[in-house]
Amino acid sequence: MSYEWDFAVVFQNYDLLLLGLINTLNVTGVSLLFGIPLGLFVALLRLADSKWVSRSAGIFIEFFRSTPPLVQLFWIFFVLPILFDIAIDPYSASIIAFSIQSSAFFAEVFRAGLISIDRGQWEAGYAIGMTRKQVLRRVTLPQAVKRMIPAFLERIIELMKTTTLVSAISYSDLLFQANDIAQQTYRPLEVFSVVAAMYFFVLWPTSVAARGLERRLAVSGESTAA
Amino acid sequence: MYNWDFGIVFSNWNVLGIGLLNTIKLAALCLVTGLSLGLLVGIARYSKRKIFNWPASIFVEVFRNTPVLVQIMWFFFALPILLQTQINAFSAAFLGLTMNTIAFSSEIFRGGIQSIAPGQWEAGKALGMTYVQQMQRVILPQAISRMIPAFTNRGVELVKMTTLASVIAFGELLHQAKTISTIYFNPIETYTVVALIFFVLIYPGTLLVRKLEKRADQ
Amino acid sequence: MEPILKIEDLHKSFGRLEVLKGIDLTVNKGETIVLIGSSGSGKSTLLRCVNFLELPSQGCIYLKGILQGTEKSMKSGKTNRVYHESQLCKVRTQVGMVFQHFNLFPHMKVLENVMEGPKTVLRISQKEAEQRALQYLEKVGLADKSQSYPARLSGGQQQRVAIARALAMEPDIMLFDEATSALDPELVGEVLLAIKELRDEGMTMIIVTHEIGFAYSVADKILFLHHGKIHEAGTPDEVLVRPKEQRTKEFLAGHNQFQIPQHSE
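Residue numbers (our numbering), protein chains in the order written: chain B, 60 to 285; chain P, 583 to 800; chain W, 17 to 281.
The set of hints was computed from the structure by calculation and includes no laboratory data. Check before you lean on any hint, since a few could be wrong.
Said to hold, decoys possible - Listed next, the in silico DSSO-like pairs over lysine-lysine satisfying Cα-Cα at most 27 Å (straight line):
#1 W:K212 with W:K37
#2 W:K125 with B:K110
#3 W:K91 with W:K125
#4 B:K192 with W:K37
#5 W:K91 with B:K205
#6 B:K192 with W:K245
#7 B:K192 with W:K135
#8 W:K237 with W:K161
#9 W:K37 with B:K205
#10 B:K205 with W:K125
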């Protein structure tokens with residue numbers, strides 16, 4: 060009763076899978092494009108002197124970290140259009156959801172990076188007459204970003220994994236395509252195995268790179284003065 | 583202006599209640615199983631013997647570097663064909679989420695074990711303890727307290743991930759909400775309420791992680 | 017002639033803790049003032065108020081005759097001084113500071129560290145900034161290290177770069193906040209020498225230091241701070257050799273490495 064594998068059906072549909080992969084990368088990339096700057100912005104609000112501003116940013120972060128991404132996606136896809144009487148297609152809903160969601164996580168990465176920079180660096184900048192903005196742009200952020208790269212890569216991996224949720228609102232990402240092909244060919248075993256492998260071969264090198272960088276940064280000890 | 587009406591959602595509280603119970607049940611089972619097996623896999627990964635180390639490493643890399651939804655779909659649609667049996671939605675979700683939890687928690691265990699100074703092993707050895715005794719009596723008790731924030735975080739992630747079971751129609755909270763909103767055409771109220779329920783369920787966990795991490799830093 | 021710096025009744029509190037309890041101080045052009053005192057006496061806080069890294073809770077600071085900050089009436093009827101970022105930035109270009117822990121920018125080369133202020137803050141051209149930076153690196157004897165990263169330098173070299181970075185702003189007054197405390201003993205000398213040279217060239221300076229011998233040799237005026245007040249002030253001979261106050265004597269007794277030069281009488 061051994062199962063007869065047949066990968067031919069998968070390869071016959073390689074164009075559909077490729078399209079799915081491109082769509083997956085598209086949602087991931089565009090969400091990052093919005094999510095990272097938004098995350099920096101939220102982190103700066105979180106670090107603001109004003110308690111009121113800082114707390115609001117905190118609530119934003121906590122809310123999006125403490126609700127499931129799929130619920131957020133559904134809310135934006137099903138609820139937003141009715142509330143504002145607008146049409147939102149699955150692609151836009153995904154971009155909105157993942158930009159906001161990842162920004163909450165990126166904000167935490169930025170914040171951790173920035174507070175890891177010694178206070179003396181801020182003071183040295185101020186002491187030569189720099190404004191807060193100049194110190195951030197020229198002194199502290201460049202140092203923080205270097206330390207944040209592994210955490211960034213990790214977040215990117217998580218984001219890409221999370222984009223599979225868009226299949227639940229029928230956006231044709233890699234998983235959605237797989238499901239489609241599996242249903243048409245009655246070969247879910249082959250299709251889902253191949254698709255899992257496709258995800259693996261995109262994500263694994265990224266994770267290896269993230270760990271390598273982390274180790275290198277740990278070894279170099281991030282030598283600041285003193 | 584939209585006329586909010588939460589009446590229907592609240593009159594269906596029992597439908598959501600079942601969903602909430604299923605969510606908690608799934609999360610709790612996966613967490614307990616995932617952490618226990620994660621310990622074994624973590625120790626295997628820490629081992630210098632290839633026969634333990636390699637399979638454990640491959641397992642961890644595969645389950646950390648594929649989306650959990652793909653894992654769940656694989657267990658639901660593909661595994662039954664391989665095994666020639668039926669697998670219901672709960673089992674598939676349980677398998678997917680547990681494997682995922684094993685993979686992530688084994689890394690936490692490994693990191694925790696590595697963080698203990700080598701002198702602790704040597705002190706155990708010097709007392710004539712076996713490897714298992716050193717691990718059980720000396721290393722793990724110290725390591726586990728350091729790992730608690732990371733485990734709590736896994737719990738939080740796990741509760742969020744249970745919503746993925748709705749994709750294969752397991753009746754957890756989000757799936758129940760979907761059902762209500764399809765019957766009554768009230769996605770706004772239903773999804774808003776469900777988002778809030780999840781927030782109330784998860785936020786204490788997030789807060790706890792913060793607190794534990796802060797304490798660990800001191 | 018207008019004093020470079022004039023401080024009147026300066027108070028500074030952190031929460032309920034009052035660290036400075038009314039300081040008055042005048043610094044004339046070319047003068048070197050040394051602040052001594054045990055830790056917690058407020059000497060670093062006083063220094064940090066001069067370039068507004070700490071904002072005064074009360075009191076007035078005049079820089080080249082200009083009263084800093086703007087007056088603002090509070091609801092309670094009292095008036096308070098507020099300091100806007102643009103004003104502070106301008107003041108800080110005229111006040112150079114050297115920190116205990118150097119605080120060089122680790123991601124920039126030595127030359128870039130020194131160029132950073134002239135380029136980003138004073139907005140002079142890249143070329144001029146480079147020339148100026150080299151000139152000041154030359155002055156502290158480190159022109160050959162201009163292409164190194166700070167981490168490659170010894171502590172003493174790093175601190176000299178930090179001095180060059182502050183000088184490159186061509187400030188009216190320099191502040192040294194325990195500039196040698198973080199250095200290994202054998203590296204202290206080169207930094208003290210650089211400071212001494214500045215004094216000989218007529219730079220106006222306020223120095224916080226634990227090196228009593230150095231204080232003696234470099235200061236025009238010594239201030240002994242105790243519990244947030246100037247407890248005793250005078251020439252090095254007056255304060256260090258013939259202190260009047262009991263507290264000052266006790267403090268100096270704790271620094272027995274200081275040997276009073278025999279010929280000072």
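Any hints this thing doesn't respect? Which numbers, in order?
Checked against the structure, the hints that fail are numbers 1, 2, 3, 4, 5, 6, 8 and 9, while the rest are satisfied.
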